[in-house]
Amino acid sequence: MTQPPNGWDNPFAPPPESGWQGPQPGQQAPMQLPGSWGPQYQQQFTPPPKKGGALKWVLGGTALVAVIAITAVVAISLSGRDNDKGSGPTTSAGSGSNSEFASANDTGPVTIITEDPSCAAWIPIQRTLAGRERNGWDKRDPSVPASEWSPEQRTQHEEVAEALRAAADQAGPLAKLTTHRAMRELYEQFIAYARAYADAIPTYTPPSDSLIRAAGTAGNVVTRICQAISFGSAAARAPLVPAGTAPKTVADPEDPSKPKRFLTKPDPVCPDLQTASDRFLADLADWLKTDPNIPASQWSPEQKALNEAVIPVISQSADALDELGQRTDNPTLQDFAALAAQYRRAYSQAIPTYTPADQHLYNAGLYPVGLVIQACNAAER
Numbered sequence: 001m002t003q004p005p006n007g008w009d010n011p012f013a014p015p016p017e018s019g020w021q022g023p024q025p026g027q028q029a030p031m032q033l034p035g036s037w038g039p040q041y042q043q044q045f046t047p048p049p050k051k052g053g054a055l056k057w058v059l060g061g062t063a064l065v066a067v068i069a070i071t072a073v074v075a076i077s078l079s080g081r082d083n084d085k086g087s088g089p090t091t092s093a094g095s096g097s098n099s100e101f102a103s104a105n106d107t108g109p110v111t112i113i114t115e116d117p118s119c120a121a122w123i124p125i126q127r128t129l130a131g132r133e134r135n136g137w138d139k140r141d142p143s144v145p146a147s148e149w150s151p152e153q154r155t156q157h158e159e160v161a162e163a164l165r166a167a168a169d170q171a172g173p174l175a176k177l178t179t180h181r182a183m184r185e186l187y188e189q190f191i192a193y194a195r196a197y198a199d200a201i202p203t204y205t206p207p208s209d210s211l212i213r214a215a216g217t218a219g220n221v222v223t224r225i226c227q228a229i230s231f232g233s234a235a236a237r238a239p240l241v242p243a244g245t246a247p248k249t250v251a252d253p254e255d256p257s258k259p260k261r262f263l264t265k266p267d268p269v270c271p272d273l274q275t276a277s278d279r280f281l282a283d284l285a286d287w288l289k290t291d292p293n294i295p296a297s298q299w300s301p302e303q304k305a306l307n308e309a310v311i312p313v314i315s316q317s318a319d320a321l322d323e324l325g326q327r328t329d330n331p332t333l334q335d336f337a338a339l340a341a342q343y344r345r346a347y348s349q350a351i352p353t354y355t356p357a358d359q360h361l362y363n364a365g366l367y368p369v370g371l372v373i374q375a376c377n378a379a380e381r
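Number 112 in UniProt numbering belongs to position 112 of the sequence shown; there are no gaps in the numbering.
Calculated directly from the structure, the hints in this document are not laboratory data. Model, not experiment: these values are computed from the prediction. Backbone N, C-alpha and C fix where the C-beta goes; we use that ideal spot for every residue, glycine too. Relax, there's no trap hidden among the hints.
Label-pair ranges, simulated between beta-carbon atoms:
| hint | residue 1 | residue 2 | range |
| --- | --- | --- | --- |
| 1 | Asn135 | Gly232 | 32 to 40 Å |
| 2 | Ala309 | Pro151 | 52 to 60 Å |
| 3 | Pro266 | Ala166 | 26 to 34 Å |
| 4 | Thr353 | Arg327 | 31 to 39 Å |
| 5 | Asn135 | Ile311 | 42 to 50 Å |
| 6 | Ser147 | Pro239 | 51 to 59 Å |
Build out the structure end to end from the sequences listed, making use of the hints.
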């Protein structure tokens, strides 16, 4: 696949310090995506709007351990509570209740995630990693192999490899903390691909770039899901989304210290998934040029017609992803396809009463496909 244009080679750009302000003049709208996949971090995780009594989001790296410890207690205490919204993890009876993984009993269909205790802890990990990769590595040319690096370029890559390993270590507890199977799998794959890229640095060749793109996209999906939670769009739209397809089988939790990449060889659905992704983006080409910061209440007749026209396109793409997910024997790939499908359904339901917060649902439904495509590319190298 071709490389993304300039500005897309930075998978861990820092989150903005303030809330979402929309694209600046000349910037790409956040719902646009170039033809080739790569992690997009131009807009990153933002804290929820300040409200009386709302929990403060911890940004200090030294507070990470405290966040994990506190939220773990909360997760355990709430693990037996029924979720009357129908949007929490689906549980079933089994021995997993005593597991160190809070998501062990989540064995049902993938759902829209309306709350997750790991989101706050993910922020300082991502911020720190973003800062450490701004050492020149973010401006690298991924087509240049290690054999042609200058001493400075080699140092940049080695520093980022160290940062990735540290971030992977810090993300490990979050794989145990999250109450959702899909989030656990995202953390596992962030860890697996981040470490794989770090290990590839000494003898790096261009095909290994797909490893960091898979890692960055996995982290990006987590961020988009957490944004949909913090801005309220997940809770607002989850009741409108029908139950998803039950998984044929469920992947067991991985050891967070050494999770396996979910694709070590290309899956038979990889080519069809790439085709479906290309078709989806092509079908939305005109719509992707619109401003996502205009709510439905302010649409012109032309904007209203354009948005209504994409509802069946997005819905049909969700059905296609479900069908592809059912064709694979890989349970993690199936979950990622189902995750994308459910968030696309949530977004299509949101369009008639769209608000800017809903764009996070679109992004959460977009990037799981990119993760699988990059994993497919990595498996072919």
